[in-house]
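Student: So you can see what is in the structure, the chains are spelled out below.
Number of protein chains: 2
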Amino acid sequence: MAASRPQSDDENGKVPRTARGRQTLRKLLDAAAKEFGEKGFHEASISGITRRAGTALGSFYTYFDSKDMIFRALVQDMSRQVAQHAGKAVEGQSGAFAIERSALHAFLDFARENREIYRIIDEAEFADPASFREHYETTAARILERLKRGEASGEIREGMAEPHAWALMGMNVFLGLRYSIWSEGEDSAEIADMANDMLRRGIAKD
Amino acid sequence: MAASRPQSDDENGKVPRTARGRQTLRKLLDAAAKEFGEKGFHEASISGITRRAGTALGSFYTYFDSKDMIFRALVQDMSRQVAQHAGKAVEGQSGAFAIERSALHAFLDFARENREIYRIIDEAEFADPASFREHYETTAARILERLKRGEASGEIREGMAEPHAWALMGMNVFLGLRYSIWSEGEDSAEIADMANDMLRRGIAKD
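These protein sequence lines are chains A and B, in that order.
Residues in the first sequence are numbered consecutively from 297, following my numbering.
Residues in the second sequence are numbered consecutively from 297, following my numbering.
Be careful, since some hints might not be right.
Said to hold, decoys possible - For lysine to aspartate or glutamate, the following EDC-like pairs were computed, each having C-alpha atoms within a straight-line distance of at most 20 Å:
id: 1; chain 1: A; residue 1: K501; chain 2: B; residue 2: E339
id: 2; chain 1: B; residue 1: K501; chain 2: A; residue 2: E412
id: 3; chain 1: A; residue 1: K363; chain 2: B; residue 2: E339
id: 4; chain 1: A; residue 1: K501; chain 2: B; residue 2: E458
id: 5; chain 1: B; residue 1: K384; chain 2: B; residue 2: E441
id: 6; chain 1: B; residue 1: K335; chain 2: A; residue 2: D418
id: 7; chain 1: B; residue 1: K363; chain 2: B; residue 2: D373
id: 8; chain 1: A; residue 1: K501; chain 2: B; residue 2: E454
id: 9; chain 1: B; residue 1: K323; chain 2: B; residue 2: E409
id: 10; chain 1: B; residue 1: K444; chain 2: B; residue 2: D418
id: 11; chain 1: A; residue 1: K335; chain 2: B; residue 2: D418
Unchecked claim - Facing chain B, from chain A, some residues (calculated, C-beta under 8 Å):
id: 12; residue: F406
id: 13; residue: E421
id: 14; residue: V469
id: 15; residue: I499
id: 16; residue: A500
id: 17; residue: K501
Since the hints were derived computationally from the structure, they do not count as laboratory data.
Beta carbons: idealized from backbone N, C-alpha and C, even for Gly.
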């Protein structure tokens with residue numbers, strides 16, 4: 297039973313032992329996303345988070361010791377959500393470029409629906425540099441794995457290395473900033489198509 | 297004569313009327329780059345800036361009204377410096393891809409020598425959102441102009457549009473973050489070559 301599982305603590309907060317606990321933790325993280333997203337790290341407060349979550353202050357301290365700690369947990373939670381969302385979007389897809397296209401398209405739509413994600417991950421550069429760096433290093437590693445699989449399948453040319461993954465990640469992040477955060481007028485499918493074409497064959501005239 | 301030129305104020309600080317004034321302003325901006333770069337916006341102070349600049353507090357208030365104001369002037373100064381540096385690097389170069397390669401190579405080296413630039417421009421997302429956005433919009437517009445010239449000269453295929461410029465800018469910014477800020481072990485010329493090849497012909501197997 298869940299309740300009998302030993303409780304393990306880590307530096308990102310305590311792990312809930314019950315379904316109810318997991319629900320409370322989820323509420324706190326969602327409320328933290330809103331609080332940090334709207335107010336920024338410095339202005340955000342623990343009481344603001346618990347008010348939004350509709351939980352008692354004591355519940356907060358069951359899982360986190362400080363504002364810093366829930367911010368760190370939130371950055372890691374968002375990083376995981378981005379990864380899961382992209383993972384789901386490419387599930388069952390075949391073709392290295394179709395996969396990249398779907399991953400970007402899903403990311404653009406995800407960022408539109410979760411606009412606070414840029415503010416929170418970008419602010420981690422200052423409020424929690426280790427998580428900021430880990431987010432991008434993990435994402436780049438995942439992209440490089442995909443490029444290597446495409447290389448193995450013969451769709452992508454040989455020699456894919458870390459700089460290719462960082463370049464592709466940068467493309468995606470900046471397209472998200474421009475077309476998901478700063479404006480939503482553009483068709484995200486079209487943006488994904490253009491970027492995918494650029495990735496596939498570059499921009500030199502044939 | 298410089299001294300008789302009417303003094304014009306704008307929201308980014310007063311414009312110095314003399315060569316000596318320009319020198320003081322330059323000292324203040326350079327000191328601000330160090331202060332904000334090391335301490336971040338919240339911890340940085342006006343007295344920290346004047347101490348680093350070796351100027352009196354009164355000199356600061358001759359040019360700026362507040363910490364916010366010098367930060368805004370600094371972001372715009374850095375944005376101009378990045379543009380000038382890239383402009384100088386591509387001067388006299390011909391060939392659309394040679395130009396992009398030189399611009400990236402120069403940017404990677406510039407970021408290595410001015411590491412505070414990422415921290416300051418990235419923190420502008422929170423401390424001065426309008427300047428942050430203006431920096432990237434201006435940079436993207438400049439890149440798009442270059443791509444359009446390449447299109448006109450027949451090196452770049454037709455249809456270059458804003459998303460191509462944002463994608464290319466994102467590539468460059470993330471390569472700078474990874475290979476100029478977080479690590480300097482890699483040869484910046486090699487990184488520029490790889491990125492340029494990716495831009496030119498994409499990554500699909502021929």
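Student: Next step is simple, just say for each hint if it's right about the structure.
Tutor: Status of the hints after comparison with the structure:
no., hint, verdict
1, A:K501 <-> B:E339, "50 Å, violated"
2, B:K501 <-> A:E412, "38 Å, violated"
3, A:K363 <-> B:E339, "18 Å, holds"
4, A:K501 <-> B:E458, "18 Å, holds"
5, B:K384 <-> B:E441, "16 Å, holds"
6, B:K335 <-> A:D418, "17 Å, holds"
7, B:K363 <-> B:D373, "15 Å, holds"
8, A:K501 <-> B:E454, "8 Å, holds"
9, B:K323 <-> B:E409, "18 Å, holds"
10, B:K444 <-> B:D418, "28 Å, violated"
11, A:K335 <-> B:D418, "17 Å, holds"
12, F406, "17 Å, violated"
13, E421, "5 Å, holds"
14, V469, "6 Å, holds"
15, I499, "5 Å, holds"
16, A500, "5 Å, holds"
17, K501, "4 Å, holds"
Of the numbered hints given earlier, the model fails hints 1, 2, 10, 12; all others are met.
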